[in-house]
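Visitor: All chains should be built: construct the whole structure from the sequences, respecting the hints.
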Amino acid sequence: MNVGHIEGGHAVNALATHAGAVLEGRSVREEPLAQFDAHLAALRASPGLDVVRTPLDRRPCGRLDPDHPLLAAVRLERTALGLDDRLADGSTDANAALARGIPALALGCARGADMHSRSERVEISSIALGVAQLDCVLRRLLEGDR
Numbered sequence: 068m069n070v071g072h073i074e075g076g077h078a079v080n081a082l083a084t085h086a087g088a089v090l091e092g093r094s095v096r097e098e099p100l101a102q103f104d105a106h107l108a109a110l111r112a113s114p115g116l117d118v119v120r121t122p123l124d125r126r127p128c129g130r131l132d133p134d135h136p137l138l139a140a141v142r143l144e145r146t147a148l149g150l151d152d153r154l155a156d157g158s159t160d161a162n163a164a165l166a167r168g169i170p171a172l173a174l175g176c177a178r179g180a181d182m183h184s185r186s187e188r189v190e191i192s193s194i195a196l197g198v199a200q201l202d203c204v205l206r207r208l209l210e211g212d213r
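The numbering of the sequence shown is my numbering, which starts it at 68 and goes up by one.
Hint data in this document are derived by calculation from the structure and do not stem from the laboratory.
Don't take every hint at face value.
Pair by pair, the computed Cβ-Cβ distance ranges are [stated by the list, open to error]:
1. T146 with H77: 53 to 59 Å
2. V95 with L208: 21 to 27 Å
3. R185 with H77: 23 to 29 Å
4. N69 with E190: 23 to 29 Å
5. G87 with S192: 41 to 47 Å
6. A112 with S186: 18 to 24 Å
7. A112 with L209: 54 to 60 Å
8. E190 with H85: 41 to 47 Å
Quantities reported herein were computed from a predicted structural model and do not represent experimental measurements.
C-beta: ideal position from N, C-alpha, C; glycine also.
Guide: Structure follows, in C-alpha cells:
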C-alpha cells in the first residue's frame, strides 16, 4: 500500500472542511487487493462528515510461473552475462498481458537507484550491458535453445 498524496485544511490551527488522500494498493494476487478495497469501503467518518471513495484506476494482477520458458531464457542470459539472477515482483505493463494469459515480464536494461523519486537516476555506463542482455534474450527466444 502506498499513500501517494494527502491534502486538506486551510490553516494549521483550523479544522479542515475538506481533506483527501490518494491511496494505492498493488499485489500479484487479487486477494490482498480485495481486502484493501474492503478496508477502504468500511471507512466511516464522524457525524456531519462524509467519506467518498473514488477509484482512479485498476491494474490487473498477474505473475509469470517461475518455470516458464520466457523466464528461463532471461535467467540463462543474465547468468551468461554475469548479471545477478534476482527475481522481484513489481507493477509493470506486463500485468496487463499476464492478466489475459499472455506470458510477460519486465526486463531491466540499466542500473539505477531511487526509482520514481525526485532523485531517480540511471547509470549511463550500464545501458550497453542492458541492451546486450535484451538482445541475447530475444535471440534465444527467436532461435530456440543454442
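Visitor: Against this structure, judge whether each hint is valid.
Guide: Status of the hints after comparison with the structure:
1. T146 with H77: 53 to 59 Å: About 58 Å separates the Cβ atoms of T146 and H77, which means 53 to 59 Å holds.
2. V95 with L208: 21 to 27 Å: For L208 against V95, whose Cβ atoms are near 23 Å apart, the range 21 to 27 Å holds.
3. R185 with H77: 23 to 29 Å: 27 Å, holds
4. N69 with E190: 23 to 29 Å: 25 Å, holds
5. G87 with S192: 41 to 47 Å: 42 Å, holds
6. A112 with S186: 18 to 24 Å: 36 Å, violated
7. A112 with L209: 54 to 60 Å: Taking Cβ atoms as reference, A112 and L209 lie about 57 Å apart, which means the hint holds.
8. E190 with H85: 41 to 47 Å: 43 Å, holds
Checked against the numbered hints given earlier, the structure breaks only hint 6 and satisfies all the rest.
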